[in-house]
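Following the hints, position chain B against chain A.
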Amino acid sequence: MQAILIKGGRVIDPANGLDATADVLLADGKVKAVGALRESDVKPWMGKAAGVEVLNAKGLWVMPGLVDLRAHLGEPGNESAETIAGGALAAIHGGITTLACMPDTDPPIDTEAQVQFVLARSRLADMAEVLPVAALTKRREGRELAELGQLVAAGAVAFSDEMRATDSPSTLLKGMAYASMFDRPVIEFAQDPNLAGGAMNAGYEATLAGLPGIPALAEELAVARACMFARETGCHYHAAKLTTRNAIRAVKRARKLRVKVSAATCPHYFALTDAEVRRRYDTAYKVFPPLRTKDDVAWIRRGLREGIIDCISSDHTPVPPELKELEFGRAPFGIVGLQTLLPVTLTELVHGGELPLAQAVAAMTVNPARLLRVAGRKGSLTVGHDADVALVDPQETWTLEEAGLVSRCRNTPFIGMKFKGRVKFTIARGRLFDVSVPQAAGA
Amino acid sequence: MPTQASGETPAAPPIAWRRKDLLGLEELTREEILTVLDQASGFKEISTRSIKKAPTLRGKVVLTLFYEPSTRTRASFSLAAQRLSADVQELDLDASSAKKGETLVDTARNLRAMGVDVFVIRHQQAGAPALLARSVDSSVINAGDGTHEHPTQGLLDLFTMREKLGNLKGRKVALVGDITHSRVARSNIWGLLKLGAEVGVVGPKTLIPGALKELGVRIHYHLDEVLGHYDVFNILRIQLERQGAGLFPGMREYNLHYGIDERRLARMKPDVLIMHPGPINRGVEISHGVADGRNSVILEQVSNGVAVRMAVLALVQSAREGK
Numbered sequence: 136m137q138a139i140l141i142k143g144g145r146v147i148d149p150a151n152g153l154d155a156t157a158d159v160l161l162a163d164g165k166v167k168a169v170g171a172l173r174e175s176d177v178k179p180w181m182g183k184a185a186g187v188e189v190l191n192a193k194g195l196w197v198m199p200g201l202v203d204l205r206a207h208l209g210e211p212g213n214e215s216a217e218t219i220a221g222g223a224l225a226a227i228h229g230g231i232t233t234l235a236c237m238p239d240t241d242p243p244i245d246t247e248a249q250v251q252f253v254l255a256r257s258r259l260a261d262m263a264e265v266l267p268v269a270a271l272t273k274r275r276e277g278r279e280l281a282e283l284g285q286l287v288a289a290g291a292v293a294f295s296d297e298m299r300a301t302d303s304p305s306t307l308l309k310g311m312a313y314a315s316m317f318d319r320p321v322i323e324f325a326q327d328p329n330l331a332g333g334a335m336n337a338g339y340e341a342t343l344a345g346l347p348g349i350p351a352l353a354e355e356l357a358v359a360r361a362c363m364f365a366r367e368t369g370c371h372y373h374a375a376k377l378t379t380r381n382a383i384r385a386v387k388r389a390r391k392l393r394v395k396v397s398a399a400t401c402p403h404y405f406a407l408t409d410a411e412v413r414r415r416y417d418t419a420y421k422v423f424p425p426l427r428t429k430d431d432v433a434w435i436r437r438g439l440r441e442g443i444i445d446c447i448s449s450d451h452t453p454v455p456p457e458l459k460e461l462e463f464g465r466a467p468f469g470i471v472g473l474q475t476l477l478p479v480t481l482t483e484l485v486h487g488g489e490l491p492l493a494q495a496v497a498a499m500t501v502n503p504a505r506l507l508r509v510a511g512r513k514g515s516l517t518v519g520h521d522a523d524v525a526l527v528d529p530q531e532t533w534t535l536e537e538a539g540l541v542s543r544c545r546n547t548p549f550i551g552m553k554f555k556g557r558v559k560f561t562i563a564r565g566r567l568f569d570v571s572v573p574q575a576a577g578a
Numbered sequence: 232m233p234t235q236a237s238g239e240t241p242a243a244p245p246i247a248w249r250r251k252d253l254l255g256l257e258e259l260t261r262e263e264i265l266t267v268l269d270q271a272s273g274f275k276e277i278s279t280r281s282i283k284k285a286p287t288l289r290g291k292v293v294l295t296l297f298y299e300p301s302t303r304t305r306a307s308f309s310l311a312a313q314r315l316s317a318d319v320q321e322l323d324l325d326a327s328s329a330k331k332g333e334t335l336v337d338t339a340r341n342l343r344a345m346g347v348d349v350f351v352i353r354h355q356q357a358g359a360p361a362l363l364a365r366s367v368d369s370s371v372i373n374a375g376d377g378t379h380e381h382p383t384q385g386l387l388d389l390f391t392m393r394e395k396l397g398n399l400k401g402r403k404v405a406l407v408g409d410i411t412h413s414r415v416a417r418s419n420i421w422g423l424l425k426l427g428a429e430v431g432v433v434g435p436k437t438l439i440p441g442a443l444k445e446l447g448v449r450i451h452y453h454l455d456e457v458l459g460h461y462d463v464f465n466i467l468r469i470q471l472e473r474q475g476a477g478l479f480p481g482m483r484e485y486n487l488h489y490g491i492d493e494r495r496l497a498r499m500k501p502d503v504l505i506m507h508p509g510p511i512n513r514g515v516e517i518s519h520g521v522a523d524g525r526n527s528v529i530l531e532q533v534s535n536g537v538a539v540r541m542a543v544l545a546l547v548q549s550a551r552e553g554k
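As given, the protein sequences belong to chains A and B, one line each in that order.
All letters in the first sequence, in the order written, are residues 136 to 578 by the numbering used here.
All letters in the second sequence, in the order written, are residues 232 to 554 by the numbering used here.
Be aware that one or more of the hints could be misleading.
Cross-link-like lysine-lysine pairs, in silico, DSSO-like; alpha carbons within 27 Å at most [stated by the list, open to error]:
1) A/429 - A/459
2) A/429 - B/251
3) B/444 - B/403
4) B/251 - B/403
5) B/444 - B/400
6) A/273 - A/193
7) B/444 - A/429
8) B/251 - A/459
9) B/436 - A/429
10) B/275 - B/425
11) B/275 - B/395
12) B/400 - B/283
By construction, these hints were calculated from the structure, which means they are not laboratory data.
Chain A with its partners taken away, still in its complex shape:
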């Protein structure tokens, strides 16, 4: 494999406290050296057949390849919407080199064979590395526990039943207790299903839109309860999508009590509000949990600054166009997000000075890597770690065009929006992808 020398970029590697102009040498699929590199450092790789590709990174930000905690990849069962290989490719276009896929497939990822299937597909695609999150219960039915120990042995990085386990507090409690033996987090959906039936955020906008509302209370209730379960069981609870003021407060309280809780949010939750939903009944804005109010957006941003929300994930959810072309109340929830995770975060939070760059990068690299227990090889530019790198032009302004989306589905409200900051190159385990090419038309 060809060695790559990334020269003269601004290297942002929060895990190692590094934010400085430096060179990065990658070879044999690993990080070999970081710093002001001399010719002698590179020499050992010059003589090899493949040689050294030199990337001039002057003016670019060089960061660890992003780690996305949350993507729905549709395979198996819903391949017309997305596949593991398709998701892994879309991820590369977003600077993401590691992504966790959710088990709400058909059949669900609830056996060793299913876990191995995902890992095999990921290896075959050889792009972003896909790590399976397994179901907490058999068939994801929320009743009997899945073979969690065997799932871990097969390579599952976390457990989640998505919406299902919340239905039954006793299942969730037992599942968290059992999962804690294997040092794997339980990712809970964080919406009480009995309260969360609706189409958009409950409140002023839903009242005027005449759409059934999903109250913020549904989130607070589920998050507060799961925090209590984490306290009782010692299980690491990860709140998948925090979107409301009071749920963020619930996590903050639990953190103070030293309960093992981590939390993520997604770019659309801090970039958009429910006011946008009402304007056109545009199903591209229909997502679960729903887009919230301006006040919630301010709380999410504050939660990120304070580190209460320590991860930003895409929640990539492909929905085919024929389903998004339905009436708002009938269309499925979901936004594709692999390609917009970084640009939206940079545009909305970093360039505006709301979130320090290092903290934003940490929320998309080392923090999720730790959560998935892969920080020993992912999420930082530590020598010996996987050669996963994202190179970003921080100043480039560009407009997201539908044709620039490589995912099979294009259900995102960000089409037509302008961003500042663009991924130029992604390197995944030493493989270099020039991702500015297929989107050149959008520049």
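Same frame as chain A, now just chain B:
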């Protein structure tokens, strides 16, 4: 627009109406609302003639696309379109079968391909008319979408109130009943606020969205406390399904707390207007005597509905043709 051919017919709208669609009263300006109401006054006169016809929509195709059962609204639209000489086609679709089969957008594109000029749509999903309006270049008139809006009902209520009370600025209008699930309430609220009226809603807390306060609407939970305050009580139909959903205990308690009967009427202003968009649950939200009593304008609302819908049909069609 009606021409001289039918004798004395309304003049062209005094201000430009540029909307090919009528999706709700929220998006209309005060002037646009007044344009419709003025236009409707002219059309109302046609209804009193022995030959109730104007040539305004001659050669145009109006389709009523109803995904929800309706007698009054659909008949009113059909009559309005026929009085304007349009060809009218009625299509009732069962939402449950529509769910399995063709999507709304596909249905609409097919019908458009057959030459439909104006779609009049009723649908149980809020926003369905907006979706339709984006999908076809025909005019789209919302005849009620879920719990969102029912703009022509709102307009005919405004029309009726204006006919009886004159200028609505500063007038006090109460909507009584299930506000949460009422598209009629939303259209009334928007229209009344834009015309400067004071708007109150009265009903059980579980059926009144608190967010209405942010619009400047007064919220009351006890009808008896406000009987003497309002000039108009617009009474909404209460639906039994809400009882099953645990939103209120039942018809008996509802009737005792919110039913408008002679006893309550006696405590209202003497010339108070009693309105109801129909269909009426006699003996539940309104007593037999009040529904048919001298303060009731319920049947006038129905008559005015035809004139208001004629005005809306004529205006959206003229906008589409760029007249």
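Evaluated hints:
1. A/429 - A/459: holds, 25 Å
2. A/429 - B/251: violated, 32 Å
3. B/444 - B/403: holds, 16 Å
4. B/251 - B/403: Violated - the C-alpha atoms of residue 403 of chain B and residue 251 of chain B are around 32 Å apart, more than 27 Å.
5. B/444 - B/400: With a Cα-Cα distance of about 19 Å, the restraint between residue 444 of chain B and residue 400 of chain B holds, given a limit of 27 Å.
6. A/273 - A/193: violated, 51 Å
7. B/444 - A/429: holds, 18 Å
8. B/251 - A/459: The hint holds at about 25 Å.
9. B/436 - A/429: With a Cα-Cα distance of about 26 Å, the restraint between residue 436 of chain B and residue 429 of chain A holds, given a limit of 27 Å.
10. B/275 - B/425: holds, 23 Å
11. B/275 - B/395: holds, 15 Å
12. B/400 - B/283: violated, 33 Å
This entry does not satisfy hints 2, 4, 6, 12, going by the numbered hints stated previously.
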